[in-house]
Amino acid sequence: MDFNQPAGTNLFDNARVIGKPTPRIDGPLKTTGTAPYAYERHDVAPDAAYGYILGAAIAKGRISAMNVAEARRAPGVVAIVAAPDVAPVGKGMGNVAPLFGGSDVAHYHQAIAVVVAETFEQARAAAALIRVDYDRTPGAFDLARAAPHAGAEEQDDGAGDGGDPQSQQTPKRIGDFADAFAAAPVKVDATYTTPDESHAMIEPHATIAGWDGDKLTLWTSNQMIAWSKSSMAKILGIAEENVRLDSPYIGGGFGSKLFVRADAVCAALAAKEAGRPVKIALQRPLIANNTAHRHATIQRIRLGAGRDGRITAIAHECWSGNLDGQSGEDGTAQTPVLYAGANRLVASRVTHLDLPEGNAMRAPGEAVGHLALEVAMDELAEATGMDPVALRLANEPTGEVPGKPGTRYSERNLTRCLTEGAERFGWARRNARPGAVRDGRWLVGMGVAAGYRGAPTQKSAARVRLEADGLLVVETDMTDIGTGSYTIIAQTAAETMGLPLDRVSVRLGDSAFPAAAGSGGQWGAASSTAGVYAACVALRRKIGEQLGFAADDATFADGRITAGDRSWALTDAGAQVAEDGIAFGDFQKGYDLGTYAGHFAEVAVDAFTGVTRIRRMLAVCDAGRILNPMSARSQVIGAMVMAAGGALMEELVVDTRFGLFVNHDLAGYEVPVHLDIPHQEVVFLDTVDPVSTPLKAKGVGELGICGPGAAIANAIYNATGIRVREYPLTLDKYLDQLPQVA
Amino acid sequence: MRPFTYQRVATAAEAAAAVAGNPAAKFLAGGTNLLDLMKLEIERPAHLVDVQDIEGLNAIEQTGDGGLRIGALVSNTALAADERVRRDYGVLTRAIVAGASGQLRNKATTAGNLLQRTRCPYFYDPNLPCNKRNPGSGCAALEGYSRQLAVIGTSDKCIATYPGDMAIALRVLDATVETVQPDGTERTIPFGEFHRLPGDAPEKDNVLAHGELITAVTLPRPIGGEHVYHKVRDRASYAFALVSVAAVIQPDGTGRVAFGGVAHKPWRVEAAEAAMPQGAAAVTAQVFADARPTEHNAFKLPLATRALAGVLAEAKG
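Quick mapping for you: the protein sequence lines, in order, are chains A and B.
Numbering follows the working numbering, in which position 464 of the first sequence is assigned residue number 464; successive positions increment by one, without gaps.
Numbering follows the working numbering, in which position 225 of the second sequence is assigned residue number 225; successive positions increment by one, without gaps.
Calculated from the structure, these hints are not laboratory results.
Misleading hints may appear alongside valid ones.
What the hints assert, rightly or not - Here are some chain A residues the structure puts well away from chain B; computed CB gaps all over 12 Å:
hint: 1; residue: 172
hint: 2; residue: 500
hint: 3; residue: 587
hint: 4; residue: 668
What the hints assert, rightly or not - Listed below are several chain A residues computed to face chain B (Cβ distance under 8 Å; list not exhaustive):
hint: 5; residue: 124
hint: 6; residue: 608
hint: 7; residue: 611
hint: 8; residue: 653
hint: 9; residue: 655
hint: 10; residue: 663
hint: 11; residue: 665
hint: 12; residue: 672
hint: 13; residue: 675
hint: 14; residue: 676
hint: 15; residue: 684
hint: 16; residue: 686
hint: 17; residue: 741
Where is the CB? At the ideal position from N, CA and C, for every residue including glycine.
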């Protein structure tokens, strides 16, 4: 099915299943421990041996010698694959360093050996017996040093940072920023930093690999099956048709499992060496330095405005680093879209760093971009003496997307998000004077931020099979990473075929199924349900051909088909199969497809110790048709928790001497616990976006992390009068500015 | 994890002898810290002597002088919930429930809690120098990431902190630690002398001899007053203290105070307590007179003062 123009009125506008709060189909399996995750799939390879990965002990250099003799003699050891004995594997999508092979070490904890043994404990014990000698090479581990001119005052035109020439990217300019900024009566010029962050999902990367001749099967935990199938073929240099991935349940990904990682590659190599299936889960200390993380950023924002708050000049520059010096964290992503302003400059620069690979983490770009832009807006509100909500409303664009000439908004209701949010949150009770509200020992404040996250679409296919007894089986390689894909796909198929939800069975995550959009970039829900809809429409037509009616004019409801004055049972044509997908036409390029939110937060800061505790959070979201308000709410509140973590505590700490993230476990890398998140509320506006998909739906999985962190930062300012621009906002950064107490 | 042998014993004397006779042996009780460290090969005992079957170590009993004797195997959960502890030693209950998680507190024992090892990140990564893990290898924390680490009582070999909460309360309560030594004799160690400072031997956390088994922790008679445990941390639960304050404040403004998260042991300077009525700054000026913080953890000094000020203000409240 080609989606070449905005959707007209269709069955989803009178939906019976779509849009209704529906408990997740996989929920009972998850809560009873019966959803098998990759490492627990004992049935698929009962004779699997256990693999254990040894990570490099240095950040950069070369392995001069590796002695595995003692490890080989250790009890239970089946096989050892040593990186120096193997040519570096190819690079799959997203990989900036080879995942295995050769003597070069590109980053700390890069996989350098795999030990296979009869038990996990034996493999781990044997791995500790491998002796490795290294030649260390100095590396670049400090972003501030690698991008010395980040945020520098003299950089008024946004040109080059004078560092690594690889890092230059062409700034995007509209109008004349420098002149307009110089002329602006009110100015904000501030630099913000965000740290490296870890995805810290509960399920570590895990794979069982088995070979049948030259055919490789990976029972794994992966967000993007089709990408990873072709990547795996490229990495191992084998034919794509010889690779199968199966990933029905995934214990969180947040982008960390978009691409093939060392668990899959090492399990495949080790299984070949061992001559039997091998299972590997990355041990927790390896997650931070072996896999990918969100890149640290330095961001400079300059806003020039009239005394009426209207922005005349807006510049957002972002610096980040990566091993390849190219793929960075683009914190400017939302800036062309969010606010009006005739003179604009955005630039994202990436420098070379020898830290482990930076890559996509939930809302790459926007998640940290809002931490800068939306605090700068708070600073502008104060500089103009305006209410922060009113300031944003004053800068609502009219007409084209201001930073993307020739592009229109497909659907945008940010003003409603902010005004309805302000109403619900009791924003009018906020005292605009910072540090003025006290509750016992607590300083209390409120903050607001706008949120934007792009809503891209990706082609997506599915196969639907109506069985003779009326059960509808949906098969697609779409993944459910805890988001609710099973449920919204079942809802879509039930709606389109006129079946109750319990007559639909959804099978996901197998590369033998038609290729879907996968779970990433907040495109999964909208795209995959559109693909399932396309397949169901093909099935309806097939049934229509069999029974002699025009399917597109027929009504499918309650297990029956009605066309004119004729009627059939859905099963009258017997078992039927159809396969189709959705392909999105170029017309979408004329639009900015986005999701919007108004985020509000109230915090309390301990006047004695500086401890910040969130009191309540609210998100009012504009994200098109909400397919399942229950799972969508879960997505948004989860993202708000992650945003709270990013604002208040999460940081992979770089030891610039050793070149590694030193707090590489969940005791050292703190993410919020229940007690950190007392009250959250999510409201979805009743909007639809006909430009997006036939269901007029958009994703919400990442919208919830775009803005709440800034709302928290702004609330801390409102509570204390202290502006900290270095995330996370831990008490050590402002303790000395709190009121005198002793 | 290295292969190890495992033995269960029935008496404290038997346990002490079993460990004393084997330089590579260790006691095992709740295992909440030891087993984790064994998986990482930071601890590598060749033999474990499981003390959980020993009779008589799992009770909380009244002592002759009106105090409480807490058996070494009493779980953190049971100790925190004990009615007498909640009534007379509130600081102890509050400290215990401020630590770890419910599941861990169910398993962790009174003696084991005193023996938990530091959470310094360099201690936990076997690739990096750490004198506590690998004596003589150096201290990566001194010039490294030290935000969580000690500000006082440090040495140029180690700036690790003792990570626990319960012990800070025991220190302020003037508890004593009872042990059985390898030769079967018993000894009593005042709590302030139980944990060591790192000095030149940071691998040694406390004064126990190899094979010496803790049998009980004894609390003296209740001292009344307001019992407070205030723990400052980045997240609201399940995190180690940046700074914690265990205090018992009397109605006349006098009192006792010990600090956690600042040193290799619970940090208490009794002489400074006379300044309590003058306020927090007067106390901490003496308590932390010899502090030697790093650039990353210097904030702990004003934080300790401010945390104590909050405690005093609320006690007055």
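Results for each hint:
Remark: the non-interface label on residue 172 of chain A is consistent with the geometry, its nearest Cβ contact in chain B lying 37 Å away (cut-off 12 Å). Its beta-carbon lying about 41 Å from the closest one in chain B, residue 500 of chain A satisfies the requirement of being farther than 12 Å from that chain. Distance to chain B confirms residue 587 of chain A as a non-interface residue, since its nearest Cβ pair spans about 47 Å, more than 12 Å. Non-interface status of residue 668 of chain A relative to chain B is broken: a Cβ of that chain comes within 12 Å, the nearest being about 5 Å off.
With a cut of 8 Å, the hint placing residue 124 of chain A at the interface with chain B holds, because the nearest CB-to-CB distance is about 6 Å. Interface restraint check: residue 608 of chain A against chain B, minimum CB-CB distance 3 Å, threshold 8 Å, status holds. The beta carbon of residue 611 of chain A comes within 6 Å of a beta carbon in chain B, closer than 8 Å, and the hint placing it at the interface holds. Interface hint at residue 653 of chain A: satisfied, since its Cβ lies 5 Å from the closest Cβ of chain B, which is below the 8 Å cut-off.
Taking 8 Å as the C-beta contact cut-off toward chain B, the hint placing residue 655 of chain A at the interface holds, the least distance being around 5 Å. Taking 8 Å as the C-beta contact cut-off toward chain B, the hint placing residue 663 of chain A at the interface holds, the least distance being around 5 Å. Hint on residue 665 of chain A holds. Least Cβ distance to chain B is approximately 7 Å, under the 8 Å limit. The criterion of a C-beta within 8 Å of any C-beta in chain B is met by residue 672 of chain A, whose closest approach is roughly 6 Å, and the hint holds.
Restraint check, residue 675 of chain A versus chain B: the minimum CB separation of about 4 Å is within 8 Å; hint holds. At its closest, the beta carbon of residue 676 of chain A sits 5 Å from a beta carbon of chain B; the interface hint therefore holds under the 8 Å criterion. Checking residue 684 of chain A against chain B by beta carbon gives a least distance of about 28 Å; that is not within 8 Å, so the hint is violated. A cut of 8 Å between beta carbons decides the hint on residue 686 of chain A: the least distance to chain B is about 35 Å, and the hint is violated.
A cut of 8 Å between beta carbons decides the hint on residue 741 of chain A: the least distance to chain B is about 5 Å, and the hint holds.
Violation of the numbered hints given earlier is confined to hints 4, 15, 16; the remaining hints are satisfied by the structure.
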